[in-house]
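Sequence lines, in order, name chains A and B. Residue numbering for the first sequence follows my numbering, starting at 62 and increasing by one per position. Residue numbering for the second sequence follows my numbering, starting at 62 and increasing by one per position.
Nothing false has been slipped in among the hints.
In silico lysine-lysine, DSSO-like type, Cα no more than 30 Å apart, as pairs:
hint, chain 1, residue 1, chain 2, residue 2
1, A, Lys-398, B, Lys-120
2, B, Lys-304, A, Lys-398
3, B, Lys-369, A, Lys-120
4, A, Lys-398, A, Lys-387
5, A, Lys-398, B, Lys-186
6, A, Lys-345, B, Lys-120
By construction, these hints were calculated from the structure, which means they are not laboratory data. Keep in mind that this is a model prediction, so the values were computed, not measured.
2 protein chains.
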Amino acid sequence: MAKQPTLTPQSEDFSAWYNELVYRADLVDLGPVRGAFVIRPYGWALWENIQRELDAMFKATGHENLQFPMLIPMSYFQREATHVEGFSPELAVVTHAGGEALEEPLAIRPTSETIIGELYAKWVKSYRDLPLLYNQWCNVMRWEMRTRPFLRTTEFYWQEGHTAHATEEEARAEVRQMLDVYATFAEDFAALPVIRGEKTEGERFAGAVQTLTIEAMMRDGKALQSGTSHYLGQNFARAFEIKFNDVNNEQAYAHTTSWGLSTRMIGAIIMGHGDDAGLVMPPKLAPIQVVVVPMGRSNDEDGRARVKAEADRLVAELRRAGVRVKLDERDANPGAKFYEWEQKGVPLRVELGPKDLDAGSALVKDRLAADKTTVPLGGLVAYLVDGLPAFHDRLFARARAFRDERIVEARTMDELVEGVERGFVIATHCGDPESEKAIQEATKATVRCIPLEGISALGTTCVHTGRPSGYPNKVVFGKAY
Amino acid sequence: MAKQPTLTPQSEDFSAWYNELVYRADLVDLGPVRGAFVIRPYGWALWENIQRELDAMFKATGHENLQFPMLIPMSYFQREATHVEGFSPELAVVTHAGGEALEEPLAIRPTSETIIGELYAKWVKSYRDLPLLYNQWCNVMRWEMRTRPFLRTTEFYWQEGHTAHATEEEARAEVRQMLDVYATFAEDFAALPVIRGEKTEGERFAGAVQTLTIEAMMRDGKALQSGTSHYLGQNFARAFEIKFNDVNNEQAYAHTTSWGLSTRMIGAIIMGHGDDAGLVMPPKLAPIQVVVVPMGRSNDEDGRARVKAEADRLVAELRRAGVRVKLDERDANPGAKFYEWEQKGVPLRVELGPKDLDAGSALVKDRLAADKTTVPLGGLVAYLVDGLPAFHDRLFARARAFRDERIVEARTMDELVEGVERGFVIATHCGDPESEKAIQEATKATVRCIPLEGISALGTTCVHTGRPSGYPNKVVFGKAY
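In isolation and in its complexed conformation, chain A is listed as follows (with noise of 0.2 Å):
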């Protein structure tokens, strides 16, 4: 553990600071093909408890896991138009297996509806087998020309559901169910405060009659997509000839939908939550919730040990309270310890010495705090365990402060110029795809969602062009990741 240099400051150039910190703080690591990173324990455990908590979700609304294979026949991507134009250019095929050459190319898929679509036709012969309500959690490849740790990789992981349903009503219940799902997620784990809205169809998912998405707002000021929940109407059904008899005995098409949430939500941790000492991890994911740290001359033989058993006994008696808690015990200077793990945002950092057991207590540095508190040993466990909660409604409080802040309405293009350079901006479009694009390319700011819970557009006009606007509700511009 040598000296560490420190991080380009966020406001000196954001960008930097994260491709710095993705590495320093033991997220990932360079892997020997372009765009495919190696996520290393520290970045591989926050991935587990995001599955597992968002798995407890899906389960308790009725999902089951199941598992799809990875390779997909080329001509599968044919049979739904847009699809195949979405995902065609970023496909990585397989051409040759078992020393031969492959009589069809098989692509790895880029996401499995047209897989799914296949097997959902066999499995769906009457309305008594619907809906399906399947999911499943593995790695999936998309050819990115530019790629960043988290952001956009080549390989990346996720979860996919993918339903089939008797009727749109249906469907469209279940889309919603899902995106309130990825919102609380967000919300109630990652203390990352999101709105949920819907995308133009310029953005929608390839294949999709519609598309919901949480957004996030980065410590820049730039939106992250962090999951969205799509409506595929019949697209898919009737490419794959999903039909079932229904109620009546009449042959019917299912309505379908597909759902997704991968490891961009690191990125958005990070960049939601992190500042220049590094990371801050929301305490209900954190690897790590609370570290300790002993302290102790060298040449203090007798202090060291009373320390180390006081350690010993708060650390057994943090994990049977459930709390994630790691013992630090290395070798090595404090203060280049307290660097380490600042920097990988540990939310709670105990630190333990000699004079502290004789002054009956021990320090407590928040890693949202600048000052470190002093806490009576005898209330130390249920001060740490309390404080967990806390710290995570104090971090969501602070984001949603953060992006409220930066939040504006805009009635001119000259107040959404100004507002995008900052944060997001709330106003009146007209759904032209043409005046989408235009105010992309002059602002590089894109329509992030019509939000479904926002202001009425009534009586408003185009901040752009004029005219009618083109949804009920304002939409949110926003740059975006």
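Chain A is fixed; fit chain B onto it per the hints.
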């Protein structure tokens, strides 16, 4: 739930029994690409339970999870001569991505020693960086010619542990520790007795110095290799330059290990416990441990309501007690339901009808017993909760008795030929690979392992060549999957 055709009896055609059962019990379905199967929810839930228990054991022995990229440059395989020979015929190769031909083709990992070796070389500089104790859960691909669900598939799911150590002693202790973890898992969770042993040279992992294995007996007397742990010596360390400064500040190559257990374990559970009625799930891994089937005539509304209330209460209590329970309220003939849950191997089934309620009792059917037991409602939860570990013990005892009855010692080739028709044969072998090959050609049996705790071969001679034993212990011969 139309009446299903009965399974081919095991005694008639074990292979047909297996191939019918995996589909009928909703474990898998065929995918569009040869050899890649869809693992359906009932099969995937079993794998999730396997993952959860194993993962806890890995973490308890100090390992952390991470994730390496799936695509590996083809040149990496060339660096370890034995490894490339073993794996290159089975590789699936990506030659195109993002609409262009790649400069270097990329293989989908068949196993990850090579890419991990590359990164470990970067992470290990000093003895202080050792050991590295990492594991990943992932999909891998080996282009097999003849495939069977779970046993041999082009894509499969597994965990691969990869560790690096400063000394041979430490690495060999790790290899043995992880074999013991697998054996404990097989016996204490999957209820499958296993023989721990070492592979002969010809059966070793490509690139390993030593391969340890656990071998289970299936109910046709054949062996299934169910988990392997490899000491890789310094082979991969030399190939990938995993070097470090040792305590004397001299450069040394690390000693590495790898160990894996895959979805083959599902095949072991199916064939190690199943019978003519279908699966028998070991309770600790069973997706459904108890199924509750409410009974009653469709015209007896009052009776059905009373049964539903009691069934709901029972299910809620069992859930609180941590039991994975399913309430089967489908509108279908109870006989068809019984047939289905027997075939799916649910350990305990509760039948609850109005007459049972009047009598203050329920009927419990145990998957291993022929008769049903009448259990008073007041003691039903305790009966079921206690019944699950007891079921595990009986299942394990049954499998062990079955196996032990089919293990014989052979002193002559005639005895060996006869013995491997029914099960395993313990015999002395000279260790000559040519002799092993000749035995395989004559009997289709191979040396499954040299048991770690077995019968001393001291003073005995080879069953085939009459030469002195090549190993301290007599070896285990068997036909294998």
